[in-house]
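Model the full assembly from the supplied sequences, consistent with the hints where possible.
Chains as they are written, first to last, in numbering that gives the first Met the number 0: chain R, 0 to 1015; chain W, 0 to 1015.
Take the hints with a grain of salt, since some may be wrong.
Same chains, same label: a pair holds when it works inside one copy or across any pair of copies.
To be verified - Calculated lysine to aspartate or glutamate pairs in the DMTMM-like style (CA-CA distance at most 20 Å, straight line):
(1) 908 to 394
(2) 151 to 497
(3) 976 to 924
(4) 111 to 713
(5) 151 to 905
(6) 850 to 496
(7) 728 to 260
(8) 962 to 905
(9) 728 to 847
(10) 111 to 19
No lab work stands behind these hints: they were computed from the structure.
Listed below are the residues making up each chain.
There are 2 protein chains.
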Amino acid sequence: MEVGLVVVILFASFICTRSEFIVYNTSQGIVPSKLNVHLVPHSHDDVGWLKTVDQYYVGANNSIRGACVQNVLDSVIQALLADKSRKFVYVEQAFFQRWWRQQSETVHRAVKQLVSLGQLEFINGGMCMHDEATPHYIDMIDQTTLGHQFIKQEFGQTPRIGWQIDSFGHSAVQAYLLGAELGFDSLFFARIDYQDRAKRKDEKTLEVVWQGSKSLGSSSQIFTGIFPRHYDPPDGFTFELNEESLLVQDNILLFDYNVQERVNDFVAAALSQANVTRTNHIMWTMGTDFRYQYANTWFRQMDKLIHYVNKDGRVNALYSTPSIYTDAKYETNESWPVKSNDFFPYANQENAYWTGYFTSRPAFKGYVRMMSSYYLAARQLEFFKGRNSSGPHTDTLADALSIVQHHDAISGTQRQHVADDYAKRLAMGYLEAEELVASSLACLAESKANTGCGNIATKFQQCPLLNISYCPPSEVALSHGKSLVIIVYNPLGWKRDDVIRIPVISELVTVRDSRGRAIESQLLPLSNSSVGIRNYHVRAYLGKFPSDAPKYWLAFSASAPPLGFNTYVVSIGDRAGASSTRSTVYTSEVGENGTIEVGRGNLKLNYSLEKGKLTQYVNSRSLVNSFIEQSYSFYAGNDGSDRDSQASGAYIFLPNGSFPIKSEAQAPLTVLRGPVLDEVHQHINPWIYQITRVYNEKEHAEIEFTVGPIPVDDGIGKEVVTQITTAMKTNRTFYTDSNGRDFVKRIRDYRSDWDLQVNQPVAGNYYPINLGIYLEDNKMELSVLVDRSVGGSSSVDGQIELMLHRRLLHDDHRGVGEVLDEKICFHDECTGLTIKGNFFIRIDPIGEGAKWRRKVGQEIYSPFLVAFAEQDGDNWTSSHIPTFSGMDISYSLPDNVAMITLQELEDGKVLLRLAHLYEIGEDEDLSTKASVELKKLFPNKEISRVTEMSLSANQERAEMEKKRLRWKTEASKEETKVVRGGPVDPVKLTVELGPMEIRTFIINFSSIFFPHEVDS
Amino acid sequence: MEVGLVVVILFASFICTRSEFIVYNTSQGIVPSKLNVHLVPHSHDDVGWLKTVDQYYVGANNSIRGACVQNVLDSVIQALLADKSRKFVYVEQAFFQRWWRQQSETVHRAVKQLVSLGQLEFINGGMCMHDEATPHYIDMIDQTTLGHQFIKQEFGQTPRIGWQIDSFGHSAVQAYLLGAELGFDSLFFARIDYQDRAKRKDEKTLEVVWQGSKSLGSSSQIFTGIFPRHYDPPDGFTFELNEESLLVQDNILLFDYNVQERVNDFVAAALSQANVTRTNHIMWTMGTDFRYQYANTWFRQMDKLIHYVNKDGRVNALYSTPSIYTDAKYETNESWPVKSNDFFPYANQENAYWTGYFTSRPAFKGYVRMMSSYYLAARQLEFFKGRNSSGPHTDTLADALSIVQHHDAISGTQRQHVADDYAKRLAMGYLEAEELVASSLACLAESKANTGCGNIATKFQQCPLLNISYCPPSEVALSHGKSLVIIVYNPLGWKRDDVIRIPVISELVTVRDSRGRAIESQLLPLSNSSVGIRNYHVRAYLGKFPSDAPKYWLAFSASAPPLGFNTYVVSIGDRAGASSTRSTVYTSEVGENGTIEVGRGNLKLNYSLEKGKLTQYVNSRSLVNSFIEQSYSFYAGNDGSDRDSQASGAYIFLPNGSFPIKSEAQAPLTVLRGPVLDEVHQHINPWIYQITRVYNEKEHAEIEFTVGPIPVDDGIGKEVVTQITTAMKTNRTFYTDSNGRDFVKRIRDYRSDWDLQVNQPVAGNYYPINLGIYLEDNKMELSVLVDRSVGGSSSVDGQIELMLHRRLLHDDHRGVGEVLDEKICFHDECTGLTIKGNFFIRIDPIGEGAKWRRKVGQEIYSPFLVAFAEQDGDNWTSSHIPTFSGMDISYSLPDNVAMITLQELEDGKVLLRLAHLYEIGEDEDLSTKASVELKKLFPNKEISRVTEMSLSANQERAEMEKKRLRWKTEASKEETKVVRGGPVDPVKLTVELGPMEIRTFIINFSSIFFPHEVDS
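This is the structure in structure tokens:
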């Protein structure tokens, strides 16, 4: 192969010497006096869907779908180089990075040139085009940051445009946080409710200024363009290889010359779009899924269209980008309508509400959330230890997590083999991060962070499969002299107490704290259900028979400092008094009457023995005393055999009747009681098992559900929901979070933007829930928090409904082409997948719920990170420090602030993100300006410089604010004053945060960090 | 659009700086010690098939099939420029020229460089990959010449390789004439009989030296490679965009790395092919139909395969071309088996004999033959007049004719809309050529060829629709003083007499020769059948009602000098004696007994009145007296409902029973007699009408058949044949021509190359017929000549069968995807197509048939070209010359030589081809060396230089002979000495020709031509 450059060839340039060689004039810019048709060449490349991300990249598995992103990028670059008028926008950095790493320096130079000339522009710029319903906002920030960092580093560019063209509904957080706060000047997408779109086309309000945040108000507005139809070109202007669109045939020596016909088609399509659009600028999205595999096919036609349409002169056609389009819109000085809230739920037709995917693949959604939290903690520990260039790193996990935020990943709308691929990537990322975490904890425990962690001796083990009661390091048979060391790491910025539960074999154990004092602990016998799940899944997933099942959960309350750890030691209980307490067990009898009260602390739950169910919620401190019920039911998934052929499926929730699941008489209550917590076990039916936990020191109920395998022998797909029912008068109103951040008010059967025609009273009132959902009346707030993304609603006043699991038997014809019927297989025998998860219930007096939701929400997102080691004798304390905090020992973050990113960058600087947790007006005390002392966050380090950045840290905040376009709006009503933190004083280094504000900093240090021992 | 060059980018070159950027070593040459796998990148681009040639080129009509040749060429050139190791062969010049004309000078320069470096090589190099069964050899030469001229002119190259990979069987003429005589060093193709292939694989005789000509023997051998399977790559190595082949995934950072697996697959496929191939060289045809639409997809994979396979080292992989492969084979010094005859018929499985296409679309085949002849004559006239740079030209017709030689064009295996496109191209070409012919005749008649033809007054009209009895210029009502001038041009090199028939209105007309002498003429009433066909087709095709039908055919014997014309004048017969004779008409009665004799000259045909059919053939001169019958029958086309699902269709002839068509009793004989000819009209059945003509001065019978619309109301497709039956003992043996040139011996149910398993006794004995078919026994020869390509056989000793028309109701699954059910429509009412054609029968004493077949064969191919003008008074003779010859008046070509090309080239030189018409041993007198005096061919012109060229005139013959590879063969038997003409003496300028020799010359002149008047 030749090494060198070859002079290539403009296929449509240079001096015309033959009658059939035509020079196309494509250099046309905007013509203010005409209708400008902005042709925006783009390819929408799903980061996994029908094929895995790598299969899409290399073009493998084409029997499923012909798609190869490598071709897109190869051929687009060639096409752009051939004509400097041509433009292209690229979005998904997961693909771009794969391609970039394979290219030569020569290609790198050429592409950098294309980028600097504006021919190739990166928009959106995250690793993927994330989903907007099911990801957590921290994951959205992280995956965007990962992409933006790369673009900044390789090209010195900061994307200006949000491009969420395909996500199935649009969140408030996307608009203001992953939009305005990134410095984006506009946001574009295709999918909104069909009724909404019809009205917007009618009123020319497809383009608006979207103000997604109550708290940040006009300071985080973003110009938003909704496409008139979809993100593909107008009919007949799709020019992929082998496409059926009529090509412009302009060679007079060949048959079927059709230039005038095609120009007329173009003008007609342009005028039709102009008819629903304000100003004299319209955008044509010239591309769609995985197109531009041979980019020349598109550019050749667009060259001709631009040339002949402009010769015709009725409209003006130009190569453009969303940036150019945005600037052109801005230049018109038009006033735009203001849109608030969000664009959920999304229905593309009467019977097609895309609200099933809020829950689809709940195990995967849970896994992603667990990894998200782990990644946050692992980065902290990576920083404390010091980033090691040779690894292990969190980078693999970061990459995997970024990919699974894709709108066909965490959404659950991919094919099974692709879901498996995502899980594999997470698992690989986890394994590396686990190694990092273990070594960091060991390094910190051995106090070697300042001397280098190369020769640490301690090997920490962790238990990612605790949810199936599988934890080999805790299941060891402890003998006298050998004990189990448990490191409990707290990724939150506050000191924190929480109950740890680990499976143990012995029934005579003692738990000691880091000073050697025995502390209270409780043994809870493992239910048969848990043992069965454990043994089956260990065999199915690990391919081995687990050792004999542990008999007990050992529970004890642990405490850890902010960003720090504490150490507990479990040993054989040799003195009776110090041993853990075995739970008392009470099993109700069938037909028994009366009630039973559960809980030893402030919270008591009353159960009816006759009905075998929860009846009353009582908090003796807050004096809440409320009727409450909790029940299960399922929706029969529509099978698509009716007129419209629409089935309930991976995307769509289309119920065909609701069926209550009655607690069966043979399954009475079992109550376990002890000093740490009480548990109520309910075998609801053969495939639903539930444990309700009331911790003595907590004022909420934790419900662990085990749902599955959902039976489908009756040929009916089922979508299993639970209802928490009170007598509250909630007036059709409920609140759900936006990506775990802001709460958005929802009113049943109502949309603020248009007069809703209610066709699907259930599915059309479902919303995505990442943090929680709550109701309020004039006395109380009922809050439910979740451990992963689910769909939820309030279909009846006073009631909250969560969809926990779905198993369906029909594809819903939205492209995935596979039935959402998750299975687990062992030796080729498959059964439906079982889901185990938690949700958390609390009732507060009105006005007091936010504190719990925000604080416990953080705890649910960031549980203790627990690691295990074995101690032989008492040598641990001699060689290890028992407690550690990454912050100043005297310091803790304010109650209304969380540290959502602490990460050492490759250059040794630190990326820090602080998030105010409260919205304006959300809490009387905490919806106020907060301040954080940076110096306290980094004890023993000298901060030399603090630079406030945009949310994705790819540009200085001040620079970003300077460039931001400020759009004229039609809004006239007075706006509440926006509270934001002021500039950071370079001496005091105190960071202020207004409600809901997230501030992002790059911090430079001038001295070395010493880890700090903390008293506990 | 930028005007200028851009530096582009080797996607797989330059210095490696990142771990994932791989430099592939693709520069590998041949390694003599290893098995060499020659990867030959190619695209097989049908010049029309499912889509028209222009649709394929621009990529239109992709709903039928995604295919765009423009993409192939664009992307291949880019891919070749990116790596100088890469190679590509291109074949079809019709496409390449379309592309070339659209490119800039810059592209031209780059492509010329690629060609000169051998990266891009033209093989075959004709305008299309012609069919080998149904085209006439003159058309094959012309279409190849057209492509080769272009390649020579633009690139200075002469193709070395025959590449008939897709044609459905292979002709002897292809091998020796369109192979060796072009200077080709090898010929490759895929399609041969499945039994033949099996044996050849077994015996390693897929590669042979083919000696296609008895007469030219070893002087025209060609190395021939038959592919082991088809012309696509081995399974799993097809790499088109979106293809399902496993791609080489060599990025260790992505999943599914598979380099070793793919290398193993490669080696296994190579060894498997080596197992059926002699020497250590095998060829992989890396491409197939319309592939390389984005060439990068192929080259990227081949780069990797070459790189990793050679690293592996078991076999040697290289980018190659058939030329490199041929040279490598030659270098091995291996001896090859010798193959003679041809590769017809082709069957790809037991029940799939591709012998239907020999007849498919007989009207189109007839039209092509008519245009071929017209083109030959028009070029002569273009030369006589002098080529005019501003046209009209024959070039459009040349281009159309070249395209219709394609193996899915004249073969009749294209879709109907494509057949229509071909016909339209021919019609457009004809219209321009007709104008040229008219002006040339006018120019010559006005004696202005030496002074310039710019201001000619005479407007000649022509009658291309004479076959439907439609000729407006002859149908005029002649009044006293007005007469019809008829110019009769003879394109043959001999003086010639033939009967002219034109429709006239008047029944009192006189025909006068150029000296004003009344000559004998005859009026034959138009049959009702003819009138019906005329009126229907004129309306259907011309969209107008024809004027009142003429009542008569006027027939008279015309005579014209070699390459010259004569003039006849038809006027109202004012003197009884000079008027044309009305034919006597006799219609036999049903039930009549006895015989009737037809014919006034040497030939008499006897008909049985009782049976209404021919019974005896008598020639009073040669004393032949033979029983003869002629009948019709049809084969029921298999409908594919049986086990193998094989139907008879456009390609395949698969009869399901044979059914005689009995002459119906209500349709007795009608006999027309007169001084010029006798006609026997037979209404065989409602859809077969036949006229047998016996000319007084000819010794053969001409049968004009009118077949159609074939009824298919019974759900049965029908293939209509006629049988000519004698009592001859022909011992299973018959002879059919090869593309109108050599006759090849056929033996029923026998193949010379293998032990034939007879599965299809009818279809498997069908052969293509372009010139004729004959039988012989020890006394007689029965010869039948045809006016177009048809399929024929001798299924029974003494009998000749011709398939005249086919109408089928099922697709035969060979790709066209359309039923061969030709229709003609008028006002949306469609009926099956009617075919009108002629064949010619003669019986000679043994040894005397060749003279007739060759001479009359030439006359059938080149009928008189007739043009009409109107004369007012007697002014014609005063302003026009009545006769003309392009040759010296004293000269005529020898009886065994034809001038098959006389064409003025753009540079003023003349291209001349002379063809010896006889094979060695074919005729006692004429299979001898012939000589032609060039000076006599060009009277009044000074020949300054005569250069003998290769057949396609793209290189000097001497040069070609010097370069020719001479292969070692296994043949040992003595060969007959080959007779070829010697070098042309530059002074005498006499050209000698041995049997079957065709010699091609470029002639330079140094003086101006004066047309010459001839006495007649």
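Identify every previously stated hint that the structure contradicts and give their numbers, smallest first. Hint check: 2, 4, 7, 8 fail, others pass.
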